[in-house]
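> Join the two chains into one complex using the hints; note that each chain is given alone, in its own frame.
So the sequence lines, in the order shown, correspond to chains A and B.
Mapped onto the working numbering, the consecutive letters of the first sequence carry residue numbers 27 to 362.
Mapped onto the working numbering, the consecutive letters of the second sequence carry residue numbers 18 to 451.
Hints listed in this document are in silico derivations from the structure and should not be mistaken for laboratory results.
Glycine is no exception: its CB is placed at the ideal position from the N, C-alpha and C atoms.
Among these hints, one or two may not hold up.
Simulated crosslink set (SDA-like; lysine to any residue; CA at most 25 Å straight-line) [what the hints assert, rightly or not]:
#	chain 1	residue 1	chain 2	residue 2
1	A	Lys188	A	Arg201
2	A	Lys251	B	Phe408
3	A	Lys73	B	Arg100
4	A	Lys92	A	Thr121
5	A	Lys92	A	Lys227
6	A	Lys251	B	Gly68
7	A	Lys316	A	Ala291
8	A	Lys143	B	Gln194
9	B	Lys136	A	Ser75
10	B	Lys446	B	Gln348
11	B	Lys136	A	Thr121
12	B	Lys112	B	Phe122
13	A	Lys251	B	Val71
14	A	Lys113	B	Lys136
15	A	Lys275	B	Lys107
16	B	Lys264	B	Ile322
17	B	Lys112	A	Thr74
18	A	Lys214	A	Lys251
19	A	Lys275	A	Lys227
20	A	Lys251	B	Gln348
21	A	Lys73	B	Asp143
22	A	Lys73	B	Pro102
23	A	Lys161	A	Ile207
24	B	Lys112	A	Ser76
25	A	Lys92	B	Lys136
Pulled from the structure, derived: some chain A residues nowhere near chain B, Cβ distances all over 10 Å [to be verified]:
#	residue
26	Arg49
27	Ser78
28	Gly88
29	Lys113
30	Lys161
31	Pro164
32	Tyr174
33	Gln187
34	Val191
35	Arg201
36	Glu221
37	Gln269
38	Asp331
39	Gln355
40	Gln358
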Amino acid sequence: MKIKTLTLAAALTVGIAGAAEARDQIRIVGSSTVFPFSTAVAEQFGKTSSFSTPVVESTGTGGGMKLFCAGVGENHPDMTNASRRMKKSEFEACTKNGIDITEVQVGFDGIVIANAKGGADLDLSLEQLFLALAKDIPRDGKLIANPYRMWSDIDPTLPKQKIEVLGPPPTSGTRDAFVEIAMEGGCKTLPGAAELGLKKKACHAVREDGVFIEAGENDNLIVQKLEANPAAYGIFGFSFLDQNADKLKGASVNGTEPEFEAIAAGDYPVSRSLFFYVKQQHVGVIPGIKEFVFEFTSENAWGPDGYLIDKGLIPLPDADRAAMGKQAQGLQPLAM
Amino acid sequence: MTDFPADRSITRKPDFSDAHLRRRYRAEARFRMYGIAAIFAALAMLAVLLGSIVSTGSSAFTQTEMALDIHLDAALIDPDGTRDPAILAKANYRKIVRDAMRAQFPDVSGRRNQRSLFKIISSGSDFDLRQFVEANTELIGTTQTIWFKTSADIDQLAKGAIPRDVPEGDRRVKDAQIGWFDTLDEDGRIRRSFNTTFFTSGDSREPEQAGVWGAVVGTALTLAVTLVLSFPIGVMAAVYLEEFAPKNRWTDLIEVNINNLAAVPSIVFGLLGLAVFLNFFGLPRSAPLVGGLVLALMTLPTVIIAGRAALQSVPRSIREAALGVGASPLQTVSHHVLPLAMPGILTGTIIGMARALGETAPLLMIGMVAFIVDIPRGFTDAATVLPVQVFLWADAPERAFVERTSAAIIVLLAFLIIMNLAAVLLRRKFERRW
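So here's chain B without its partners, still in its complex pose (with noise of 0.2 Å):
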């Protein structure tokens, strides 16, 4: 015990007074206040730019169909009935199509009557029949109602964005298109169905046609490459700098340069994605794979400092106690150390990841923001991905587009739930307490 000097004038009073100790709790509860009203205000935000999103995006997941009348001519699709795919896929479904649309509006002639009339159905509905009758042989030869999708026009004026009451002028749609709209309506000929196309096909310049699974395609290939470089490739090198490097210039100096790499722009990465492996090693343009090796180099120092932060929380006495029953440096950290470090170390991968899932940057460099149509079949075929889709979208003329671009955004924000899920559900796996 310290005998503290009896000098009246440094010892202070504490101030009991019902005033200072209201105000205290003023105090107190204020900031508690400050917290909650914080909280608040980024939810709304969070709230506005959802709420955005989904109003603006969740009409492009039903798309405006009708139906047509066609009659699958035995002598125009398959004149020798042998069914062979080869002679199925030549025939001409644009003019079967034209035909059953004249059937259905006998009374339109002249060809900029009928030019216009054929805009009102989507320009890949040739591609659709043929699809349909490969799929279906025994049909040919009857008369079949089909579900066709009509132009991205037409989806917009049912949906309500391109407006009926501006002067014919002013507008994409016709009055004659709205005339014979409401016409195919009244007959109960239009209905409007779930969007399938834009979760099954690639891009499209024709907004109904296009789709996002060749950018979702892409966006796996292209994270499945930078998980499987960065994870490895970061866990050991935090594994070695925290519980086996000799702690000295050199490897300060890799620590200091580590963390400076994590703050580069991606930009860089992606210029030096292009002068290394596209240039140097002569890997092909537009590549998930080389998408991939861009992202990883950007992602592995994110891994590397949280894989290094979550080893530093593992207790020392885990480490000690391991030794101390006759364990190897080398058993005491995969037995031990490193499941007890994995939770932390799989948080920041995931960050890492995340942050790979949104770039689109390093991947101008290296040729991904690209018009792909044809999905990705493999590591170094032509991809894009999810975030270059929203781009490319976004700065489309055609009205259609406009919802399309939320719409994919809504699946990219899915996309990264699902990661983040998986995270979680990983953790929960190897959470230990202690």
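Only chain A is shown next, with the shape it has when bound in the complex (with noise of 0.2 Å):
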């Protein structure tokens, strides 16, 4: 029965590719965290420019290096964005497919823990954050599994209230970043956390008896979770925060508050930078990429009054943004 479908629609889908014509559609994939901006651009691009919009697919960074690295042809994807740095594992493969890239460094992302306006005020360092949500803690020179229930357990300075967050997954790249972030710099700065094997990839790990609640990729339902529920915290961007001032605040971290000129400063300490990659064989033959990567990194898109902005992006610092811009549109190929 399968084969007998397959042929079938095999036989009428070949005349159609046949028939199809050369892609004249830019093709950006990846993060689901730079969507939103690389939306935004793609949309002004189309309206404001002699090309089609681009199609601007959300399948998470991993998911679009691998696409973006598969090769050279119409069929591949000519950009991908990433809420991480590109890894030598998949430069190399992108090498090996013959395939340049440009990268573009577009701005940062904070990674906020927020509660709604009525619950109690949160002032953590990341070492207080590490030893709320990891797996396993040292004490008296042992790992035990984490015995903290309430805030004040960690530090008498904290609310009197039972630890309860609600975070992301871990297909998530949110989650990503703020293991590698938080949790490892809350990690690095423990006394006696690096003698018992607590470092890198071991200080990843989150609890998972009940205190941290994994509450889907969803960020705007763990907005309405914390609504509902003002003892409990959540992880997630910058940008729902923002949006969501009216109902929501941000704990501080190391004393610095989720505020948009601390993140873009770099003085809050839970941030990542974002990036688009292009591919440089597609230049010239996919038309308008140049132009996309122009307008992505003018300043009406990605200054500090631009549109990006309005979106929740957070800009570079002036000099960084100049000169990257300038990398970005000389499409300065990418070395590892």
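Structure follows, in structure tokens:
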């Protein structure tokens, strides 16, 4: 049955595929964190230029890299978005398939720990955050399962309240960034942790005893749950806090509040860089790639007053932006 | 007649006592009540679901608009007076709209304040103005009062989704903007009108510009491919297996496989589609054609199983009578059995199509979970479908997308109802009783 269907379907589609014209639309894949920004640029680009509006897929950073590095040609995407830097292994996969890459850093994204307006204020250090969420913690020279139930158990100055944190699942890029920056950062400064083997990847384990609740990929859902439960804290991207500032407030980390200026200046510790990567072999073949990169890196888009800032992007410092813009528009190749 | 042994010890006398009878009636009544309660529970859940969707989503069907006196300056729009579409398309409409805003609020000065002022009007208003001018070239040179969409934040403020009583720093809309909005409102320059954009345009990152039409067209194209492939193939397979195929180990094997395929998770079909249609045949990503092919593979087992059940329910006597008056097996099937089985087959097809209508997982693999602004014009254009649109909007940070998510669900449900209605009408047309 399946064979019959496949042959029929194949016979039908091969005919149509032969008639399909060369692609005139830019295709972008990659991170769901960069997706809101990439789509905003795509829409603006489609409206103001003579090219058709690029198609932007939200595949996640890793999935995007895989598609992007699969090869050169119409069937492969022209750009990929990433909420982390391209890994060496991914770069090698790309190079093996004859792809030259231009890397563009577009700005920052802050990861916030927020709760409902009515809830208790939280002022955490990364260490305390690690102690609240890690699976195992060091105590008296031994690794023990995380015993903390209340914030005040960790430090008496913290609120006398049950620890309850809603966060993204391991498939999410936000989770990757959170464990890498916040958990690893807290672990690094914790006395006695490194001796017990708690370093790098070992610090990434999040407790599974119901204190940390995986709330799914949808950040709007976490926002709604926080509203309903003022005792809970949520972990998500800065733009959701920005959009819901009338309902939520962000916790200070290492004494810095998660505010636009603090993240832009690099004072707020839990922030990451956002990137996109361009396939050089497609420039000039697929129309509009160069112009799209120009649009993305124009002051009107990623500058401090640009429309991407309205969407929640945190811009690079002025000097870095100018340098990055020049590098991007010159399509400087990436080397690793 | 058989004679029972007249052994008193094993004959039981029915209990006709009142107490026992009452117990039986009570049990009967209880059982009915459970049934009614189950129905009411299901209805209540449905009502809660629909109620919450409609109450959140209905406000998306209206859009707040503001009136501006626009001077359609001929020197700016069409300096040579040629009315050439290429020149009309290139004019600086942004400047015209902004000049009108400045004229409306002459005392707003300074770059920061003006930027804040321009944020109350939709950022797409220059395109709206361009369309207006292109449709009414005779008005160039005059001053017209034109209604523009407000920005999504102002729209949410007008609808009450952004509260005014929280501190200014915690609000998307600033005090000055509320002041300007109220001034416009007092002048009668604010109205709520039907949100046609929602039904006529494709996706957008600006909530007030976003619409479902692209997704509706994408859904229609995808389902058309699914139907055209899965219905004839499914019916032919069902007819052959039920009416002609010999009963042997091979047909048993095929039957078991079809039943198993019907239970395979849909993402697996997406992976199959990625491997076969995209990587092997080189079909374009995100195309409704590929989406339809994948969904057709997913729907086929359902259609075949339902088709076979419908064919089985046609009485043997019909076949025997047809064969008896000299019809060939082909004539028997095509003239008598198939028309009689058609209502059942259609029901099965609709169930399969309804499942296909709600799928996002297999489409993720073939690139249909994407931001697509342009309305697809054919089977190989990039397109997305309604459930994907719901998924993408549900994930968007802007608050105005919350109501649009629910509104898109309403559209999806309407699409489903229209499909089901078509099936009911078709079924009634074919329905026979014996």
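> Work down the list of hints and note, for each, if the structure agrees.
Right, here's what the structure says about each hint:
1. A/Lys188 with A/Arg201: Status holds; Cα separation ~22 Å.
2. A/Lys251 with B/Phe408: holds, 18 Å
3. A/Lys73 with B/Arg100: Given pair lysine 73 of chain A, arginine 100 of chain B holds - Cα atoms ~21 Å apart, limit 25 Å.
4. A/Lys92 with A/Thr121: Roughly 13 Å between the alpha carbons, so the hint for lysine 92 of chain A and threonine 121 of chain A holds.
5. A/Lys92 with A/Lys227: holds, 23 Å
6. A/Lys251 with B/Gly68: holds, 20 Å
7. A/Lys316 with A/Ala291: violated, 30 Å
8. A/Lys143 with B/Gln194: holds, 24 Å
9. B/Lys136 with A/Ser75: holds, 23 Å
10. B/Lys446 with B/Gln348: holds, 21 Å
11. B/Lys136 with A/Thr121: Since the Cα atoms of lysine 136 of chain B and threonine 121 of chain A sit roughly 45 Å apart, the hinted pair is violated (cutoff 25 Å).
12. B/Lys112 with B/Phe122: Within the cut-off at roughly 15 Å; holds.
13. A/Lys251 with B/Val71: holds, 21 Å
14. A/Lys113 with B/Lys136: Given pair lysine 113 of chain A, lysine 136 of chain B is violated - Cα atoms ~40 Å apart, limit 25 Å.
15. A/Lys275 with B/Lys107: violated, 45 Å
16. B/Lys264 with B/Ile322: holds, 17 Å
17. B/Lys112 with A/Thr74: Between lysine 112 of chain B and threonine 74 of chain A the Cα gap is close to 14 Å, so the pair holds against 25 Å.
18. A/Lys214 with A/Lys251: With a Cα-Cα distance of about 32 Å, the restraint between lysine 214 of chain A and lysine 251 of chain A is violated, given a limit of 25 Å.
19. A/Lys275 with A/Lys227: The given pair, whose Cα atoms are some 30 Å apart, is violated under the 25 Å limit.
20. A/Lys251 with B/Gln348: Roughly 63 Å between the alpha carbons, so the hint for lysine 251 of chain A and glutamine 348 of chain B is violated.
21. A/Lys73 with B/Asp143: holds, 11 Å
22. A/Lys73 with B/Pro102: holds, 16 Å
23. A/Lys161 with A/Ile207: Satisfied, since the Cα-Cα distance of roughly 16 Å is no more than 25 Å.
24. B/Lys112 with A/Ser76: Cα-Cα ~20 Å, so holds.
25. A/Lys92 with B/Lys136: At roughly 39 Å apart (the allowed maximum being 25 Å), lysine 136 of chain B and lysine 92 of chain A break the hint.
26. Arg49: The claim breaks: arginine 49 of chain A does not keep its Cβ more than 10 Å from every Cβ of chain B (closest is about 7 Å).
27. Ser78: The claim breaks: serine 78 of chain A does not keep its Cβ more than 10 Å from every Cβ of chain B (closest is about 6 Å).
28. Gly88: holds, 14 Å
29. Lys113: holds, 23 Å
30. Lys161: holds, 28 Å
31. Pro164: At about 38 Å from chain B, proline 164 of chain A clears the 10 Å cut-off, so the statement holds.
32. Tyr174: holds, 31 Å
33. Gln187: holds, 22 Å
34. Val191: holds, 20 Å
35. Arg201: It holds; arginine 201 of chain A is separated from chain B by about 15 Å at its closest Cβ, greater than 10 Å.
36. Glu221: holds, 42 Å
37. Gln269: violated, 5 Å
38. Asp331: violated, 7 Å
39. Gln355: Nearest chain B Cβ is 23 Å from glutamine 355 of chain A, so the label holds.
40. Gln358: holds, 27 Å
The structure fails to meet hints 7, 11, 14, 15, 18, 19, 20, 25, 26, 27, 37 and 38 from the earlier list, while all remaining hints are met.
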